[in-house]
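**Student:** Here's the letter readout for the chains.
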Amino acid sequence: MTTVVQLLPIDLSAIGKLHLTFAVIGYSIVFVSLFLLYLVFSLLPMLFTRNLRRKFKKEGGEEKAALADNKVPGEVSAAIATAISLYLEELHDQESAILTIKKVGKSYSPWNSKIYNVINFNRFQR
Amino acid sequence: MEGIVRFFENSGFANATPGHFLMILVGLIFIFLAIRYEYKPLLLVPIGFGILIGNTPFVEHTGLHLGIYEDGSVMNYLYMGVLKGIFPPLIFLGIGAMTDFSPLISNPKLILLGAAAQIGIFLTYLGAISLGFTNPESASIGIIGGADGPTAIFLSSKLAPHLIGSIAIAAYSYMALLPVIQPPIMRLLTTKQERRIKMKPPRSVSKLEKTLFPVVALLLTGFIAPGSLPLLGMLFLGNLLKESMVTKRLADTAKNTIIDIVTIILGVTIGASTQATTFLTRESIFIFVLGATAFMISTAGGVLFAKIMNFFLSPENKINPLIGAAGVSAVPDSALVVQIEGLKADPDNHLIMHAMAPNVAGVIGSAVAAGIMMSLLLK
Chain A
-5 MTTVVQLLPI
5 DLSAIGKLHL
15 TFAVIGYSIV
25 FVSLFLLYLV
35 FSLLPMLFTR
45 NLRRKFKKEG
55 GEEKAALADN
65 KVPGEVSAAI
75 ATAISLYLEE
85 LHDQESAILT
95 IKKVGKSYSP
105 WNSKIYNVIN
115 FNRFQR
Chain B
61 MEGIVRFFEN
71 SGFANATPGH
81 FLMILVGLIF
91 IFLAIRYEYK
101 PLLLVPIGFG
111 ILIGNTPFVE
121 HTGLHLGIYE
131 DGSVMNYLYM
141 GVLKGIFPPL
151 IFLGIGAMTD
161 FSPLISNPKL
171 ILLGAAAQIG
181 IFLTYLGAIS
191 LGFTNPESAS
201 IGIIGGADGP
211 TAIFLSSKLA
221 PHLIGSIAIA
231 AYSYMALLPV
241 IQPPIMRLLT
251 TKQERRIKMK
261 PPRSVSKLEK
271 TLFPVVALLL
281 TGFIAPGSLP
291 LLGMLFLGNL
301 LKESMVTKRL
311 ADTAKNTIID
321 IVTIILGVTI
331 GASTQATTFL
341 TRESIFIFVL
351 GATAFMISTA
361 GGVLFAKIMN
371 FFLSPENKIN
381 PLIGAAGVSA
391 VPDSALVVQI
401 EGLKADPDNH
411 LIMHAMAPNV
421 AGVIGSAVAA
431 GIMMSLLLK
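Just so you know, the sequences run in chain order A and B.
Just so you know, we're using this note's numbering here: the first sequence kicks off at -5 and counts up by one.
Just so you know, we're using this note's numbering here: the second sequence kicks off at 61 and counts up by one.
The following block holds chain A by itself, in its conformation from the complex:
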């Protein structure tokens, strides 16, 4: 059975040393640049933790400094954020005293008199 690959005029001898070098160097540079990004962002949290530990130590001694090493999992943060959000949505301390009465009529003007009548007519129909 003839496969698609067999139908293609593949000529492996066309791949020269230059092409291979280009591919190897290109891929290596991609890898190195992302590896450096990995290194930087692996070290950065350690740096932040060290600074935080120093700050906490100044404020509350060794006991508080140990708090800096606590890593909060993302799931915990998400749960806390959801709880805060739900709590804040439940607050009613600035609720309006008028609960049900809403002004529905429009003030009369010669410019809207026609539409005013039409609206009221529809309402009476219901």
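Only true hints are included.
Only pairs whose alpha carbons sit at most 27 angstroms apart, straight line, appear in this in silico BS3-like list of lysine-lysine: (1) B:Lys267 / A:Lys51; (2) B:Lys270 / A:Lys51; (3) B:Lys144 / B:Lys315; (4) A:Lys49 / B:Lys270.
Derived DEER-like restraints, expressed as beta-carbon distance ranges: (5) A:Asp5 / B:Ser71: 41 to 51 angstroms; (6) B:Arg96 / A:Ala73: 34 to 44 angstroms; (7) A:Ile19 / B:His222: 19 to 29 angstroms; (8) B:Glu376 / A:Val26: 20 to 30 angstroms; (9) B:Gly192 / A:Ile19: 14 to 24 angstroms; (10) A:Glu69 / B:Val306: 26 to 36 angstroms; (11) B:Arg96 / A:Glu69: 35 to 45 angstroms; (12) B:Val349 / A:Ile19: 24 to 34 angstroms; (13) A:Leu33 / B:Asp312: 29 to 39 angstroms; (14) B:Arg247 / A:Leu1: 23 to 33 angstroms.
No wet-lab data here; the hints were simulated from the structure.
Note that the Cβ used here is the ideal one computed from N, Cα and C, for glycine as well.
Here the structure of chain A is known, so what remains is to put chain B in place on it, guided by the hints.
**Tutor:** Okay, now just chain B, sitting in the frame of chain A:
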């Protein structure tokens, strides 16, 4: 009577060729897939409709300025944004404003999977050379393996503008077909036990880390591969607009208005650029075959590298090798494929958050690869 004859001669009926009908059929299939199965509808609808526009037959070079390749036509002006590489960076701006890099920051070793998956780009480059394509053409074809439409368009606009249509159509078609292409490779290269590996939940990422990321990543990648600056510069700018929290309006514009406008114009013009007279060639078929190969190699590269990494990781830090497949950028489609495959192996194992890390790393990796190719090959 002469007027009627001339009218008929100028109509689509008199100028249609089998090629036109074939391309119209392709356009209709794109639109059908997008509407019926919701395969990448935001891209496939404009591209599919663009194919219909580009392949409605007409007499070229009559002074009417209709065709996308005719100087002075409306479509030609819009196509300038593609040819000059203007649209891809604008799309990257929007992508940056939409992307959350925290899965990657919380587990930086997963960045390496995004790097590993770029192997498809360079192996496909060699494949294209063996099929007789020139060096710049091969690089443009290879970048399809990055599974990133804007990057592929950007690089081919610089290195092989005559192939943009085929390359873009191949890249977007295979991105839409990711749920068909990737799973068999993922299952072939992993055992059921490996697919069941549960990964540690990612840690919380501070606002400072998220704000620093675009700045540090830009400087780092930009200094190594300056050719990637138009893409990565805009990607990280968009991300800084989002993460800084002080430019909400700009971030909203970038991720909604700008990206929507550019996607419509880009999609339509790319579709219209596939005029049967210029698109239906032997080269286009080769590009489609190479594109599929590139996607498969990139997927395999990511999965295999995850397996290699597991040799060096402690049992509690093991990686589920399925997430390696998400290294082929295509945000967030490949991460979704990983999530679905993970759930098939274990209905309680949600991998999407972990898969997003190599996924966004893949975007950076493919843009760096494009930058390197551009700096090495552009004369």
